[in-house]
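Chemist: Residue numbers (our numbering), protein chains in the order written: chain P, 37 to 625; chain W, 171 to 378.
Since the hints were made in silico from the structure, they are not lab data.
Remember, it's a predicted structure, so these values are computed and weren't measured experimentally.
Keep in mind that the hints are not guaranteed to be accurate.
Stated by the list, open to error - With the Cβ distance kept under 10 angstroms, some of the chain P side facing chain W (calculated, not the full set):
id, residue
1, L44
2, S51
3, C58
4, G273
5, E276
6, D280
7, T358
8, L362
Note that the Cβ used here is the ideal one computed from N, Cα and C, for glycine as well.
Each chain, letter by letter, is given below.
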Amino acid sequence: MKTLDEILLTVERPSRYIGGECGEPTIKPEKFNYCICFPDVYEVAMSNLGIRIVQEVINRVDGAMADRCFAPWPDFGSALKENGIPLYSLGLKMPLKNFDMLGFSLQYELSYTTILYMLDLAGIPLLASERGEEYPIIQGGGPCAVNPEPIADFFDLFVIGDGEDSMRELAELKLKCSSKQEFLKKATKIRGVYVPSLTKPVYDNSGKIVDFSGEKVEKAFCLDLDNAVFPHTQTVGNVEAVHDRAVIEVMRGCYRGCRFCQAGFIYRPVRPRSVGNLTQTACDLIRSTGFDNLSMNSLSTSDYPHLKELLSSLKQSLPKYTTVSLPSLRIDSFEEYYAEEARKNSLTFAPEAGTQRLRNVINKDISEEDIITGAKKAFNLGYSLIKLYFMMGLPTETDEDLEGILNVVKLIQGVYAENPKRLRGLRINVSVSTFVPKPFTPFAWAKFISREEFEYKFNLLKKKLAVKGVTYSWNDYEVSELEAVLARGDRKLSKAILLAYESGAVYDSWGEFFKPSVWDVAFEKASVEKQAYKAEIDTASILPWDFINVGVSKKFLLKEYERAKAETVTGGCQTGCKNCGLQGRCTLV
Amino acid sequence: MILIKYSKTQGAEFIPHLDTLRHLGKTVRRTGVDIKYSQGFNPHMLIFMSSPIALGLKSECELCLFDSDANALEFKALFNANSPKGIRCLEAYNVDKKIKVVADVTSAIYEIQNINKFNVDDILKAPSFTVFDKRSGTEKDVLDKIVNLHFLGDKLYAELKFGNVTLRPDYLVEKLISLYGGEHPVVVKKDVRFLNGLTLREYLRPYL
Numbered sequence: 037m038k039t040l041d042e043i044l045l046t047v048e049r050p051s052r053y054i055g056g057e058c059g060e061p062t063i064k065p066e067k068f069n070y071c072i073c074f075p076d077v078y079e080v081a082m083s084n085l086g087i088r089i090v091q092e093v094i095n096r097v098d099g100a101m102a103d104r105c106f107a108p109w110p111d112f113g114s115a116l117k118e119n120g121i122p123l124y125s126l127g128l129k130m131p132l133k134n135f136d137m138l139g140f141s142l143q144y145e146l147s148y149t150t151i152l153y154m155l156d157l158a159g160i161p162l163l164a165s166e167r168g169e170e171y172p173i174i175q176g177g178g179p180c181a182v183n184p185e186p187i188a189d190f191f192d193l194f195v196i197g198d199g200e201d202s203m204r205e206l207a208e209l210k211l212k213c214s215s216k217q218e219f220l221k222k223a224t225k226i227r228g229v230y231v232p233s234l235t236k237p238v239y240d241n242s243g244k245i246v247d248f249s250g251e252k253v254e255k256a257f258c259l260d261l262d263n264a265v266f267p268h269t270q271t272v273g274n275v276e277a278v279h280d281r282a283v284i285e286v287m288r289g290c291y292r293g294c295r296f297c298q299a300g301f302i303y304r305p306v307r308p309r310s311v312g313n314l315t316q317t318a319c320d321l322i323r324s325t326g327f328d329n330l331s332m333n334s335l336s337t338s339d340y341p342h343l344k345e346l347l348s349s350l351k352q353s354l355p356k357y358t359t360v361s362l363p364s365l366r367i368d369s370f371e372e373y374y375a376e377e378a379r380k381n382s383l384t385f386a387p388e389a390g391t392q393r394l395r396n397v398i399n400k401d402i403s404e405e406d407i408i409t410g411a412k413k414a415f416n417l418g419y420s421l422i423k424l425y426f427m428m429g430l431p432t433e434t435d436e437d438l439e440g441i442l443n444v445v446k447l448i449q450g451v452y453a454e455n456p457k458r459l460r461g462l463r464i465n466v467s468v469s470t471f472v473p474k475p476f477t478p479f480a481w482a483k484f485i486s487r488e489e490f491e492y493k494f495n496l497l498k499k500k501l502a503v504k505g506v507t508y509s510w511n512d513y514e515v516s517e518l519e520a521v522l523a524r525g526d527r528k529l530s531k532a533i534l535l536a537y538e539s540g541a542v543y544d545s546w547g548e549f550f551k552p553s554v555w556d557v558a559f560e561k562a563s564v565e566k567q568a569y570k571a572e573i574d575t576a577s578i579l580p581w582d583f584i585n586v587g588v589s590k591k592f593l594l595k596e597y598e599r600a601k602a603e604t605v606t607g608g609c610q611t612g613c614k615n616c617g618l619q620g621r622c623t624l625v
Numbered sequence: 171m172i173l174i175k176y177s178k179t180q181g182a183e184f185i186p187h188l189d190t191l192r193h194l195g196k197t198v199r200r201t202g203v204d205i206k207y208s209q210g211f212n213p214h215m216l217i218f219m220s221s222p223i224a225l226g227l228k229s230e231c232e233l234c235l236f237d238s239d240a241n242a243l244e245f246k247a248l249f250n251a252n253s254p255k256g257i258r259c260l261e262a263y264n265v266d267k268k269i270k271v272v273a274d275v276t277s278a279i280y281e282i283q284n285i286n287k288f289n290v291d292d293i294l295k296a297p298s299f300t301v302f303d304k305r306s307g308t309e310k311d312v313l314d315k316i317v318n319l320h321f322l323g324d325k326l327y328a329e330l331k332f333g334n335v336t337l338r339p340d341y342l343v344e345k346l347i348s349l350y351g352g353e354h355p356v357v358v359k360k361d362v363r364f365l366n367g368l369t370l371r372e373y374l375r376p377y378l
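Use the sequences and the hints to build the structure in full.
Modeler: Here it is, written out as structure tokens:
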């Protein structure tokens, strides 16, 4: 048997597992011990803002503390298992089994098997039904929690929506409860909490959902972000994180309403933070972390209503040699001053579809004129690398739409050729991902394309985009297919996920570990027909996630689906209220 | 200029060289002390580090030079109030010259625990002494890179070439265990020697 120190000497990047980072919250065991778990590797986990907010929320509750734990890379995981060392938290180095509650961040569907991997390494039974009082309560939260059904068998409860208030209430409740059952029962009274053992789908003889037993779930909202908990310091990773910078969240939600985008609907209503609050947070973060880069995050930062004012306020307040990055720029709202002082490496825009017709279908209301204007501004600033994001397999898509991607590329090349300031050749990276229908979007009922369609579209694009200066990249079909099945899945999938994990599926979002054949066998053994989850869904049927109300009404989403089919643009919230169901909560109305 | 001697222990020994550089930069930014920046298109902090130490080896003698006019003693206190666990400033000096923290360091002294005792002359007076170099996958004669070996109590002190020419102590330790036995070795870099065998203070005297 080896000691932990000896194991650390044999694994890749051992500093992932030692904790003790600068800015790590000071904690000690309390009456309620919570551990936030992220089912991916350290570098990815350390870039996540949500888990930092949740940790801060819990640590502010009297008698409660929150530690953190991230998925070990397979080399370290195997070494822990071989040497009988249970998975431990980074702060207190306490075995996960000794915590009262473990909270998993559900960021993407392909992390589901990694959750089981972490539980397994911690020595905790994977199925909620097999865990007694002696084991921690397993909780999930984050964007994938809006359809928690595929992983419902593994969790005791989910928190759906914003965690600022709901997680605090949950911690306060746990401090008062003596048994797991008492806690779970009372927890259902907290807004946003879903307990899978108390709310269940009711199936008919054919296996179709006809109703739900138990309480329905309302998404938790945090409407006043300026007064909500937000950490004013940030843990600086021992290993360089994917996003190794200070992060402020300028607003939550997006004005746009692109019909494929789940985040655009589940994070409604739009809630911008004030310039004063953001400036103060940014200064505190930069001072306490020592980062020299600040990222202004949101789903569409160039839509933040006070952006000019914020940038000028940050410029005046932040220390010298601090740069500010704006991710998520939109080509139709791109202004030169955003990038005046930034390094002119590359600029990313997401037209998503190649023709105006298809952009109308997806409610991405940008015109060719917008693309030309945006590109002109970028080239005037000196950019010579443009990244373009598109999707294939969108509802109503034709060959003409795919060929349109080349037209967009040519349009941008044309603008560049006319720019007298150009110093070098223009490079365009075209990334085309496969459309995956997601719950709580107008396209939730749409089909996911078949392999034959994918091959055809992929080959067509490959031929068309074989142009000098253009690089074409894509996602593998199997990865997107699994994401599609899990995204719209129901409880029957839990069995398949468990079987896949037991056969070696883990870290599915990492190309080097993804094993499609393992999943195929698991689906077959669990008698799950993948096609059923990929096909177009009848709009009259009850969906596995229909017991959850995220605020945006099903009626609105269906109306949007019809408008998409009719190629009609609805526009975003900025052009007037579209009655999505959040009137009364939305500050824009 | 400020030269600091700092430790990498308590887990920080697992932080690799480039991440250590990141941490040093961030620590200094947190202190609020003025450090000079390069004047290029992408300005970066002027920090100069000594040669990398192998991952997992503890050290109480890492060197780093910061281009700053601040007071060294105040800097030390601020550094320690802002550094990550295990990275501690042990000594700090205001120096009036850019010290060559790589080129002028010639050897490092390591304290090695849990190695069975042996006669050091068996190695020092042998015609050759080979260790397995994991990077190249070959056995290499390293006798000329061993400056001195001696036991003090149960601990072995090994002075090995360091700087532009380096012998990794972990390679030596593996060989010693295979020859003489020992378990769970603990290696701590204790000190460095400069040109002509000078200690840090002796070497710095003309520049202080």
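Chemist: Run every hint past the structure and note whether it holds.
Modeler: Results for each hint:
With 10 angstroms as the threshold, the beta carbon of L44/P comes within range of chain W, its nearest partner Cβ sitting at about 6 angstroms, so the hint holds. Evaluation of the S51/P hint against chain W yields a held restraint, the C-beta minimum of about 4 angstroms falling below 10 angstroms. At its closest, the beta carbon of C58/P sits 4 angstroms from a beta carbon of chain W; the interface hint therefore holds under the 10 angstroms criterion. Satisfaction of the interface hint for G273/P is found here, the shortest Cβ-Cβ separation to chain W being roughly 8 angstroms, below the 10 angstroms cut-off.
Given the 10 angstroms rule on beta carbons, the hint for E276/P holds: about 6 angstroms separates it from the nearest Cβ of chain W. Checking D280/P against chain W: minimum C-beta separation of about 8 angstroms stays under 10 angstroms; hint holds. Here the hint on T358/P is kept, as its CB sits about 9 angstroms from the closest CB of chain W, short of 10 angstroms. For L362/P, the shortest C-beta to C-beta distance to chain W is roughly 18 angstroms, which exceeds 10 angstroms, and the interface hint is violated.
When each numbered hint is compared with the structure, a violation occurs for hint 8 only.
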